[in-house]
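Number of protein chains: 2
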Amino acid sequence: MSEDFNQWYTEIVQLADLADYSPVKGTMVIKPYGYSIWENIQTYLDKKFKETGHKNAYFPMFIPKSFIEKEAEHVEGFSPELATVTHAGGKELEEPLIVRPTSETIINHMFAKWISSHRDLPMLINQWSNVVRWEMRTRLFLRTSEFLWQEGHTAHATKEEAKDEALQMLDIYEEFAQNIASVSVLKGTKSEMEKFAGATTTYSIEAMMNDLKALQAGTSHELGQNFSKAFDITFSDENNKLQNPFQTSWGVSTRLVGMVIMAHGDDKGLKLPPELAPHQVVIVPIIPNDKNKATVMEEVDNLSKTLSNYRVLVDDRNEVSPGFKFNEWEQKGVPLRIEVGPKDIENNSLLISRRDVDDKQDYPIGEAKSKVGSLLKEIQENLLNVSKSNMKNNTTHVDTYSDLIDTLNNKKGFVSCFWYENREDELKVKEETSATLRCYPLDNSETQKSVNTEKKQGKFAVFSKAY
Amino acid sequence: MSEDFNQWYTEIVQLADLADYSPVKGTMVIKPYGYSIWENIQTYLDKKFKETGHKNAYFPMFIPKSFIEKEAEHVEGFSPELATVTHAGGKELEEPLIVRPTSETIINHMFAKWISSHRDLPMLINQWSNVVRWEMRTRLFLRTSEFLWQEGHTAHATKEEAKDEALQMLDIYEEFAQNIASVSVLKGTKSEMEKFAGATTTYSIEAMMNDLKALQAGTSHELGQNFSKAFDITFSDENNKLQNPFQTSWGVSTRLVGMVIMAHGDDKGLKLPPELAPHQVVIVPIIPNDKNKATVMEEVDNLSKTLSNYRVLVDDRNEVSPGFKFNEWEQKGVPLRIEVGPKDIENNSLLISRRDVDDKQDYPIGEAKSKVGSLLKEIQENLLNVSKSNMKNNTTHVDTYSDLIDTLNNKKGFVSCFWYENREDELKVKEETSATLRCYPLDNSETQKSVNTEKKQGKFAVFSKAY
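Same order as they appear, the protein sequences are chains A and B. Residue 1 is where the first sequence starts when you use this note's numbering, and the numbers rise one by one after that. Residue 1 is where the second sequence starts when you use this note's numbering, and the numbers rise one by one after that.
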């Protein structure tokens, strides 16, 4: 990792059995170990979505081409990435079908049918699905032609309610990133240039990876009335007047698995936050010779029962050595490893190793349960603290345009400045540095003299190279 | 329902907010109420799959056309139903991509990469996904161009292990149907003509709908070495000899939602088994005038807290009458309705109505929790018993070919007979009656003189018209 981050990433994804290349260019196979992380992500978010009143539904993945074309910015943004079904059932289709790149169009077509009164609002729908965006340069989890995600789609009576919704979902994404994925994120507004095709405002959470590049980890959009007008969604308000609702959409994807890898990993491999780890604890029996076997396995069995509240794996393979197992589970990022051997049993103790830091200690067997609980909690917090420090220590503030360009070119990390929103200037920065305006952070509403336009005040903005 | 079953089905699916037609011919939108039933199905099955050692993974939905063509029977079976992506990212693709109709080909391509030693076996994978089969005549949930399902794919060292696996999964489907969906099913082997394209043996569960037609509710296949040979999957056995593994695949789909509707519904609408019902109990406050409101709502609130172990909905809408609510929740099949009004509170009682039978009784408020628990259990069992009787009372045994044809043509329901496996005869029955051989039930291995071939013994078989 410390030598060649990209190479490390590509290798660790495969070595740790997270994903594999598939025969179709740009797509991936998510292997059980990687999929299990995604399931843990889903479980947490799905619960939060339901607690906040959203309901899951499922919409067809094939969208008539004419639908995509109804919202002008939307079609412009997505056209280059579309996959098209032209033949089905042995015949050429009258109208080609687009494989959904996102579902605003088909969902809003249905909303027009389902919404008629203010009593039908807010309409709060979420969908877990696969989507296709034909990308030229792909990378496992981060950017693949097909990926898995959730997409929320809502309709509200007022602009204010829609804004509250978009921000509420952004908060849920932030909580997930920090408390579950242990990744510190910057919550902010996208510039006009970087916003979602069809949105009035796009919010995102931006994380810092271990190579100090940014990763957009989730987005939440206010769509205004763009889609409700394009798809003719109307409701009669309390005064019986027809109105177009205000809408939002928001999503996170399997890209989050990539985030977890790149935000926490090290030269040895993954470091998984306990909340997302498929196995939170691996128990490795140490059996010097056959006469110890029964005693050791009995203790291992007891321990595994004691820890049944946690996701525990007993690695009792005979064909590989304990050393091989240690390496494998280190590479796969299991937060805690417990060794159980004859000497440990004799001493009534267990050797517990943390993956997040270089720490290996003996603990009394009787304290196994409470100790594992507290250590997992510590690891969860420590990973977040490291991530927080990483972002803090690698963000540089600049006061001039030339410093912005110099810093982006010569120093890794985030660069903050006061920026006067301007598309041409933003494009220029991108050309000169390959960095982009990641967001205007929501927690800093200060304005100051901008770095890019003399005599204009700028908003606090963060630039970075990004995935 | 009693007058025109097909019309009833189409209407109730929409009236009960289960699904809606989408703008793309043959596809459907699964609405939140219908999707919630699917989620309950998923939760149960996913747990069972994991308990039996299977792991979830995700494979790309685009399959190179050449893959589909590798297994001869497989391509023949699926060719007429394929949807093809010919253009992506603004260009024509070099090789067209098939949208998966099922994933044997792409999964086995990966298995060839992942399996090398007997230590890699058994490989037990499941996938929850969408698939596409371009159908000419579609019906919501039962047959749509795109549907949601799970597909298990496994590889084993021996034929026997593969058979055990296929039968184990069939048992899980049977348990689901009977204990969770309250639908009695016949477990059996498919005829050569009806088996899955590429399987050596197909097993299925067959249910009887309320119009006495059969519905194939789940299938489990032994694939032999057909795919492992076609995709060159090999493993070195314990003697270091290269072998092709034996494989299985098995699946159930959103069609199960259709089964639940058609197996239990009546003229009033759905009857949902409590295990699958999105709302197991609906509480309807009865508020004759505003001065009762606070008292009633307080009691409703208490009751809803008392019943927090169940999926309870409080229908406190002001804009519709209690009668309107009763009809709506009857139509939507909620197992129990509880009315709470001032008189009930005065009498310290609750009026509980069952949806499965015409039963409405007062119970002491203090017994609400235990009573709701026992009533839900009773409903779950009663629906299964009704389904069992339905199948039993509507299965006719015949001893001659002419009786088989007559009975299939003139009487609704299943018809059993002893049948000598023969493709031409089976096709003849289909032509003469439109019925098909549903299965050779596993619980009857008797052989007797066959109805179709003089001097040949036949196996016990069940014919029926089917969805």
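Heads up, a few of these hints could be off.
Since copy identity is lost for identical chains, a pair holds within one copy or between any two.
[As the list claims (entries may be wrong)] Here are the simulated DSS-like cross-link-like pairs (lysine-lysine), alpha carbons at most 30 Å apart as the crow flies:
no., residue 1, residue 2
1, Lys229, Lys428
2, Lys91, Lys455
3, Lys25, Lys229
4, Lys91, Lys65
5, Lys371, Lys241
6, Lys293, Lys428
7, Lys412, Lys113
8, Lys50, Lys91
9, Lys50, Lys377
10, Lys241, Lys325
11, Lys91, Lys411
12, Lys325, Lys113
13, Lys449, Lys47
14, Lys377, Lys47
15, Lys325, Lys48
16, Lys388, Lys229
17, Lys163, Lys113
18, Lys229, Lys325
19, Lys412, Lys456
20, Lys195, Lys291
21, Lys325, Lys65
22, Lys411, Lys113
23, Lys55, Lys430
24, Lys325, Lys455
25, Lys343, Lys195
The hints are simulated quantities; they were obtained by calculation from the structure and are not laboratory data.
Here's how the hints hold up against the structure:
In the homo-oligomer, the alpha carbons of lysine 229 and lysine 428 never lie at most 30 Å apart, since the shortest distance is 34 Å inside one protomer and 57 Å across protomers. In this assembly of identical chains, the alpha carbons of lysine 91 and lysine 455 never lie at most 30 Å apart, being 63 Å within a copy and 47 Å across copies at closest. Within a single copy, lysine 25 and lysine 229 get their C-alpha atoms only as close as 37 Å, which misses the 30 Å cut-off; across copies the closest is 24 Å, which meets it. For the identical chains of this complex, lysine 91 and lysine 65 are neighbours both inside a copy (17 Å) and across copies (16 Å), given an alpha-carbon limit of 30 Å.
In this assembly of identical chains, the alpha carbons of lysine 371 and lysine 241 never lie at most 30 Å apart, being 62 Å within a copy and 47 Å across copies at closest. For a Cα distance limit of 30 Å, the shortest separation of lysine 293 from lysine 428 qualifies neither inside one copy, at 67 Å, nor across copies, at 65 Å. With identical chains, the CA atoms of lysine 412 and lysine 113 are never at most 30 Å apart, being 50 Å at best within one copy and 38 Å at best between copies. Proximity of lysine 50 and lysine 91 under a CA criterion of 30 Å is satisfied in neither setting, with 42 Å inside one chain copy and 40 Å between copies.
Proximity of lysine 50 and lysine 377 under a CA criterion of 30 Å is satisfied in both settings, with 26 Å inside one chain copy and 26 Å between copies. Taking the shortest alpha-carbon separations for lysine 241 and lysine 325, only the inter-copy value of 27 Å comes in at or below 30 Å, while the best intra-copy value is 68 Å. Taking identical chains as interchangeable, the C-alpha atoms of lysine 91 and lysine 411 are never at most 30 Å apart, the minima being 56 Å within one chain and 39 Å between chains. For a Cα distance limit of 30 Å, the shortest separation of lysine 325 from lysine 113 across copies, 22 Å, qualifies, whereas the shortest one inside one copy, 57 Å, does not.
For a Cα distance limit of 30 Å, the shortest separation of lysine 449 from lysine 47 qualifies neither inside one copy, at 44 Å, nor across copies, at 58 Å. Taking CA atoms no more than 30 Å apart as the test, lysine 377 paired with lysine 47 passes in both settings, with 21 Å inside one copy and 27 Å between copies. In this assembly of identical chains, the alpha carbons of lysine 325 and lysine 48 lie at most 30 Å apart only when taken from different copies (29 Å versus 36 Å within one copy). When the C-alpha separation of lysine 388 and lysine 229 is checked against a cutoff of 30 Å, the pair qualifies neither within a copy, at 42 Å, nor between copies, at 52 Å.
In this assembly of identical chains, the alpha carbons of lysine 163 and lysine 113 lie at most 30 Å apart only when taken from the same copy (24 Å versus 48 Å across copies). Taking the shortest alpha-carbon separations for lysine 229 and lysine 325, neither the intra-copy value of 59 Å nor the inter-copy value of 33 Å comes in at or below 30 Å. In this assembly of identical chains, lysine 412 and lysine 456 lie within 30 Å of each other by CA distance solely inside one copy; the values are 28 Å within and 82 Å between copies. Taking the shortest Cα distances, lysine 195 and lysine 291 never come within 30 Å of each other, neither inside one copy (66 Å) nor across copies (52 Å).
For the identical chains of this complex, lysine 325 and lysine 65 are neighbours neither inside a copy (52 Å) nor across copies (40 Å), given an alpha-carbon limit of 30 Å. In this homomeric assembly, lysine 411 and lysine 113 never come within 30 Å of each other (Cα to Cα): the closest approach is 53 Å inside a single copy and 42 Å across copies. For the homomeric pair lysine 55 and lysine 430, neither the shortest alpha-carbon distance inside one copy (40 Å) nor that between copies (43 Å) is at most 30 Å. Proximity of lysine 325 to lysine 455 under the C-alpha cut-off of 30 Å is found in neither arrangement, the shortest distances being 63 Å within a copy and 64 Å between copies.
When the C-alpha separation of lysine 343 and lysine 195 is checked against a cutoff of 30 Å, the pair qualifies neither within a copy, at 60 Å, nor between copies, at 58 Å.
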